[in-house]
Amino acid sequence: MSVKHLKTLGWYLFLTGIGYVFLFPLLFMLVSSLKPEQAIFADLYSIRAILPVGELSLDNYRQVFEKSNVSLYFWNSLFITVGTVIMGLFVNSLLAFTLSRMSWRGQKLVLAVVIALMIIPLEAIVVPLLLLASKLPSIGWEGGMLVLKSSWLNTLHVQMLPFVANSFFIFLFYQFFRDIPKDFDEAAELDGATPFQIYRHIIVPMSGPVFATVAILHFLLMWNQYIWPIMAVQGEDARPLMPGIQIFFGRQSSWGEIMAYASLVTLPVLAVFLMFQKKFVTSLAGAGIKG
Amino acid sequence: MADLKLTQVIKRFGDLETIHGIDLDIKDGEFVVFVGPSGCGKSTLLRMIAGLEEITDGDIHIDNECVTRVPASKRGVAMVFQSYALYPHMTVRENMGFGLKMAKVSKHEITRRVDEAAQILQLGPLLDRKPKALSGGQRQRVAIGRTIVRNPKVFLFDEPLSNLDAELRVKMRVEIAKLHGELRNTMIYVTHDQTEAMTLADKIVVLRSGNVEQVGSPLELYLNPANDFVAGFIGSPQMNFINCEVLAVTADMLRLRFPCGLETDMPAMTANVKAGDNLKLGIRPEHVLEDASGELVICVDVDVVEHLGGSTFVYADYAGDISMTLQVGGLSDINGKDKREISFNRHYCHLFNEAGKSIGLRKDALELKAAEKMLPMAG
Amino acid sequence: MEPKSVTRLQPDIQEQKPRRRYVFLMSTPALLGLFMFLVIPFFMAVGMSFTDQRLLSPNETSWVGLRNYDRLLNVSGMVQEPVRDEAGQLVLDGDGQVEYPRLRTLLRSDPAMADYKLFSSWDLGEKRYIVLAKDPHFIQSFINTLLFVLLVVPLQCGLALALALLINRQLRGIFLYRTVFFSPVVTSIVVVSIVWSFLYHKDLGLFNHYLQAMSFGLIGPIDWLGDPAWSMPSIVIMSAWQAAGVQMLIFLAGLQGISPDLYEAADLDGAGPWSKFWHITLPGLRNTVVFVVISTTIQAFGLFTQVDVMTQGGPQGSTSTVMYHAVTKGFREQDIAYGSAISVIFFLVILGIALFQKRLFDSKGDK
Numbered sequence: 001m002s003v004k005h006l007k008t009l010g011w012y013l014f015l016t017g018i019g020y021v022f023l024f025p026l027l028f029m030l031v032s033s034l035k036p037e038q039a040i041f042a043d044l045y046s047i048r049a050i051l052p053v054g055e056l057s058l059d060n061y062r063q064v065f066e067k068s069n070v071s072l073y074f075w076n077s078l079f080i081t082v083g084t085v086i087m088g089l090f091v092n093s094l095l096a097f098t099l100s101r102m103s104w105r106g107q108k109l110v111l112a113v114v115i116a117l118m119i120i121p122l123e124a125i126v127v128p129l130l131l132l133a134s135k136l137p138s139i140g141w142e143g144g145m146l147v148l149k150s151s152w153l154n155t156l157h158v159q160m161l162p163f164v165a166n167s168f169f170i171f172l173f174y175q176f177f178r179d180i181p182k183d184f185d186e187a188a189e190l191d192g193a194t195p196f197q198i199y200r201h202i203i204v205p206m207s208g209p210v211f212a213t214v215a216i217l218h219f220l221l222m223w224n225q226y227i228w229p230i231m232a233v234q235g236e237d238a239r240p241l242m243p244g245i246q247i248f249f250g251r252q253s254s255w256g257e258i259m260a261y262a263s264l265v266t267l268p269v270l271a272v273f274l275m276f277q278k279k280f281v282t283s284l285a286g287a288g289i290k291g
Numbered sequence: 001m002a003d004l005k006l007t008q009v010i011k012r013f014g015d016l017e018t019i020h021g022i023d024l025d026i027k028d029g030e031f032v033v034f035v036g037p038s039g040c041g042k043s044t045l046l047r048m049i050a051g052l053e054e055i056t057d058g059d060i061h062i063d064n065e066c067v068t069r070v071p072a073s074k075r076g077v078a079m080v081f082q083s084y085a086l087y088p089h090m091t092v093r094e095n096m097g098f099g100l101k102m103a104k105v106s107k108h109e110i111t112r113r114v115d116e117a118a119q120i121l122q123l124g125p126l127l128d129r130k131p132k133a134l135s136g137g138q139r140q141r142v143a144i145g146r147t148i149v150r151n152p153k154v155f156l157f158d159e160p161l162s163n164l165d166a167e168l169r170v171k172m173r174v175e176i177a178k179l180h181g182e183l184r185n186t187m188i189y190v191t192h193d194q195t196e197a198m199t200l201a202d203k204i205v206v207l208r209s210g211n212v213e214q215v216g217s218p219l220e221l222y223l224n225p226a227n228d229f230v231a232g233f234i235g236s237p238q239m240n241f242i243n244c245e246v247l248a249v250t251a252d253m254l255r256l257r258f259p260c261g262l263e264t265d266m267p268a269m270t271a272n273v274k275a276g277d278n279l280k281l282g283i284r285p286e287h288v289l290e291d292a293s294g295e296l297v298i299c300v301d302v303d304v305v306e307h308l309g310g311s312t313f314v315y316a317d318y319a320g321d322i323s324m325t326l327q328v329g330g331l332s333d334i335n336g337k338d339k340r341e342i343s344f345n346r347h348y349c350h351l352f353n354e355a356g357k358s359i360g361l362r363k364d365a366l367e368l369k370a371a372e373k374m375l376p377m378a379g
Numbered sequence: 001m002e003p004k005s006v007t008r009l010q011p012d013i014q015e016q017k018p019r020r021r022y023v024f025l026m027s028t029p030a031l032l033g034l035f036m037f038l039v040i041p042f043f044m045a046v047g048m049s050f051t052d053q054r055l056l057s058p059n060e061t062s063w064v065g066l067r068n069y070d071r072l073l074n075v076s077g078m079v080q081e082p083v084r085d086e087a088g089q090l091v092l093d094g095d096g097q098v099e100y101p102r103l104r105t106l107l108r109s110d111p112a113m114a115d116y117k118l119f120s121s122w123d124l125g126e127k128r129y130i131v132l133a134k135d136p137h138f139i140q141s142f143i144n145t146l147l148f149v150l151l152v153v154p155l156q157c158g159l160a161l162a163l164a165l166l167i168n169r170q171l172r173g174i175f176l177y178r179t180v181f182f183s184p185v186v187t188s189i190v191v192v193s194i195v196w197s198f199l200y201h202k203d204l205g206l207f208n209h210y211l212q213a214m215s216f217g218l219i220g221p222i223d224w225l226g227d228p229a230w231s232m233p234s235i236v237i238m239s240a241w242q243a244a245g246v247q248m249l250i251f252l253a254g255l256q257g258i259s260p261d262l263y264e265a266a267d268l269d270g271a272g273p274w275s276k277f278w279h280i281t282l283p284g285l286r287n288t289v290v291f292v293v294i295s296t297t298i299q300a301f302g303l304f305t306q307v308d309v310m311t312q313g314g315p316q317g318s319t320s321t322v323m324y325h326a327v328t329k330g331f332r333e334q335d336i337a338y339g340s341a342i343s344v345i346f347f348l349v350i351l352g353i354a355l356f357q358k359r360l361f362d363s364k365g366d367k
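Chains as they are written, first to last, in the numbering used here: chain D, 1 to 291; chain F, 1 to 379; chain U, 1 to 367.
Worth flagging that the hints you see were computed from the coordinates, not collected in a lab.
All figures in this text were calculated on a predicted structure; none of them were measured in a lab.
Using N, Cα and C, we set each Cβ at its ideal position, and we do this for glycine too.
A few of these clues could be false.
[Claimed, not checked] Covered stretches of chain D, as calculated for chain U (at least 3 residues, CB under 8 Å):
#1 8 to 14
#2 61 to 75
#3 92 to 100
#4 122 to 132
#5 173 to 182
#6 220 to 232
#7 251 to 264
[To be verified] Distance windows between CB atoms, simulated:
#8 U:80 / D:251: 44 to 52 Å
#9 U:25 / F:63: 46 to 54 Å
#10 U:131 / D:251: 35 to 43 Å
#11 F:69 / D:74: 51 to 59 Å
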């Protein structure tokens with residue numbers, strides 16, 4: 001073996017060592033969710049901690065479904081996330097389109113405001129947002145009847161609507177759209193397309209990468225929401241997964257069950273991540289560089 | 001089939017006026033080329049005709065109908081963009097049919113018209129490809145095809161060949177000329193390349209800083225440039241200019257002194273010229289003789305010689321700081337770093353007054369031909 | 001615009017009408033959303049911070065001026081003399097320590113001091129120095145947050161840069177490592193906090209096990225989350241581990257934006273790896289570093305979830321943060337006005353720090 005090969009091997013070993021540190025908690029969680037309580041502790045201090053060996057079963061998962069309303073939380077989370085992302089893609093890209101590809105009075109001001117709004121973090125407004133949500137009337141189902149509710153609290157939409165429009169995503173769309181040559185719009189304009197048709201037939205199909213980026217970022221943001229749902233949703237009906245697992249964790253449940261719950265919460269995102277990992281990684285990097 | 005008429009067209013961006021009241025008449029079926037250096041406003045003018053740029057003042061008529069406030073898509077014009085602007089996510093067929101789709105033309109009709117245009121441009125086998133899979137020349141043809149499908153009154157071309165390599169450029173130029181011969185539509189073509197202008201145009205419009213400098217046929221502009229700008233812009237290599245001093249003025253003759261001291265008489269329109277004026281004498285490189293056989297002989301220092309085979313370019317300095325270019329026969333024996341006499345004949349000379357306006361006598365192609373035979377020529 | 005063109009503009013506006021309708025229709029949904037749920041709450045926060053607004057209250061809301069801010073920020077100090085007997089001798093308590101007057105009694109007796117509570121005190125010489133605050137929890141939370149930011153930003157950014165440099169090389173399968181390093185990012189911070197709570201466990205946790213094994217039992221079991229000295233560093237380490245993947249990718253993109261020509265030129269000049277890093281890589285990453293540091297800082301100030309899941313602000317308030325305090329007051333104690341005042345201060349601090357960092361980086365760039 002040449003020196004060069006040794007050096008390469010060294011790099012791989014080094015990288016693998018660091019990779020172990022990054023992967024360990026995740027693997028440990030997934031593996032432990034399949035093991036009975038004693039096995040988790042018995043395997044803890046050896047490599048067995050991250051290997052699916054010994055007596056494996058789905059008992060922990062069964063327990064989680066029994067003890068917690070996890071399927072309801074799951075569908076709530078999925079509905080909130082997917083709904084918000086779809087609305088967000090549409091609404092944010094439309095505003096970015098008018099900001100980047102049309103000219104109108106007040107455009108520069110609106111753009112400056114959108115950029116300035118990026119610095120306000122969610123944390124800075126959750127408290128007043130809570131008050132606002134408590135005062136907004138809404139319509140909801142109760143016992144099979146349409147009723148007027150006096151507040152948005154404890155609903156699904158209170159977890160969605162405030163997070164549809166997002167200045168950072170608008171900015172990402174804006175930057176991408178801005179770099180598309182104007183000739184396309186003009187050619188389409190000569191072809192008789194209205195602004196909305198230009199958006200729909202020309203700009204959207206050409207902007208796959210930025211739509212993917214924003215969809216992914218927005219998905220992560222919504223799926224992992226925590227601070228807002230613990231404040232705005234007290235009841236069981238509209239609770240999403242993250243507060244759900246926190247409550248379960250707080251009940252001093254067994255570690256195997258907690259790991260099963262954590263795996264349930266993580267697996268959908270992990271699956272999406274592994275499926276689109278390349279797109280995921282490049283788009284996030286791009287978003288950062290540009291932001 | 002359409003005439004196009006521009007009346008006092010002005011474009012202002014805020015306080016900055018970039019097009020200063022242009023009048024232009026374009027007849028049905030004419031191939032008109034807007035030419036000028038970059039920033040002269042030729043593209044802006046074209047985009048104003050297209051309706052992509054708002055017209056600040058003045059009017060545009062197409063087919064005797066005022067279209068100044070008519071949106072781009074309703075003016076009956078179609079445009080080939082410099083970048084082609086082919087939608088990358090659509091096939092060639094979809095690209096060509098997009099305008100008809102927007103106009104809610106039936107699918108059947110779209111297919112028919114796209115096929116028809118594809119036939120004219122031999123695009124048939126490419127119809128289901130995406131633009132990415134096409135060569136530069138093919139993209140160019142698709143961009144043209146897209147305009148044909150719409151069957152416009154006026155075709156607009158915005159520097160359509162500037163993204164192609166030299167060889168393809170010549171080929172596409174010929175194709176565009178052929179297309180015009182076939183369709184006989186009014187076409188307006190913008191370029192900064194005077195060769196394209198000369199070869200394609202029925203009528204050239206030379207623009208400079210938002211003003212029309214001259215309008216005319218290619219040969220007219222070559223023979224009788226209205227001013228030193230047009231003279232310098234049209235023709236390649238560029239015309240040589242020599243500053244001369246007026247010594248005496250008669251009814252139809254000027255006595256001029258060259259920088260090297262040579263004194264000679266030159267026929268001209270002498271109305272506003274007086275002794276002591278400085279004039280510019282222009283002579284095209286292809287009209288300079290490499291020996292002393294012409295009427296006016298001057299002495300130059302040869303700097304660089306380029307042998308192109310068919311012809312030879314000679315770059316020389318005259319009277320210290322005046323650069324002269326000569327285009328002579330391919331078998332020229334001039335060598336670099338030579339001091340030698342060159343010459344030219346009076347009837348090829350152009351004269352421009354201090355303001356740059358031509359004061360030479362009108363040249364006529366036939367007369368020049370006749371004169372050529374009478375005078376000795378080099379080579 | 002010159003006056004004469006004004007008259008000509010009229011027809012243009014007419015023609016622009018349909019376009020304007022499109023602009024209006026296409027931009028309104030997002031603008032409405034931003035206005036409703038970002039701009040209005042932001043100004044509500046500012047407005048309510050001057051009131052006594054509560055989430056659900058039968059009483060009318062009224063203006064209280066700066067009272068909330070006074071409660072939050074008011075800090076005072078005092079110096080106590082030890083208790084002496086009639087003879088002027090120091091009175092010692094049961095443990096032989098110098099005795100001081102009871103603070104609570106002292107504060108109660110003075111109406112001006114009645115709102116103050118003990119924040120911290122030191123005995124120095126024969127005097128006791130006392131720091132008082134109207135809301136010592138907030139002051140502590142604020143200091144905790146600053147500590148978190150000061151620790152996590154360099155750690156996380158440094159880790160991210162190191163990882164980016166590691167994987168920025170031509171090795172087969174390198175993307176696999178990139179995916180691995182990035183995987184904690186896609187895992188919810190709630191889940192990460194729960195799993196790490198297990199790893200941090202004093203008796204069962206993996207960290208103590210390895211620590212003891214590697215130090216041959218010399219370093220005893222650390223109560224990571226239960227010891228006030230260790231609780232914040234524990235959260236720092238976990239947070240940096242979880243989020244470094246994002247900054248790693250950003251650094252990686254930055255690294256790949258540096259022209260390879262520069263490195264080749266440096267090779268020709270005989271530069272070593274360290275001087276290449278110092279003279280080419282770092283300057284090339286300047287803008288990336290600015291972006292990463294500022295965004296990580298802003299993010300770090302919002303620390304909440306880890307605390308809420310792992311320690312609930314404890315032990316002894318050692319992990320309470322500004323956001324945790326805001327949620328505790330504004331939501332759990334329903335004192336919206338007070339929570340709003342905290343939010344306003346929170347916003348002003350991150351705004352100030354972002355501007356300060358930007359200026360710092362800008363001025364360094366001018367040199």
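Right, here's what the structure says about each hint:
no., hint, in the structure
1, 8 to 14, "holds (count 4)"
2, 61 to 75, "violated (count 0)"
3, 92 to 100, "holds (count 6)"
4, 122 to 132, "holds (count 11)"
5, 173 to 182, "violated (count 0)"
6, 220 to 232, "holds (count 7)"
7, 251 to 264, "holds (count 4)"
8, U:80 / D:251: 44 to 52 Å, "46 Å, holds"
9, U:25 / F:63: 46 to 54 Å, "34 Å, violated"
10, U:131 / D:251: 35 to 43 Å, "39 Å, holds"
11, F:69 / D:74: 51 to 59 Å, "58 Å, holds"
When the structure is compared with the earlier hints, violations turn up for hints 2, 5, 9 and for no others.
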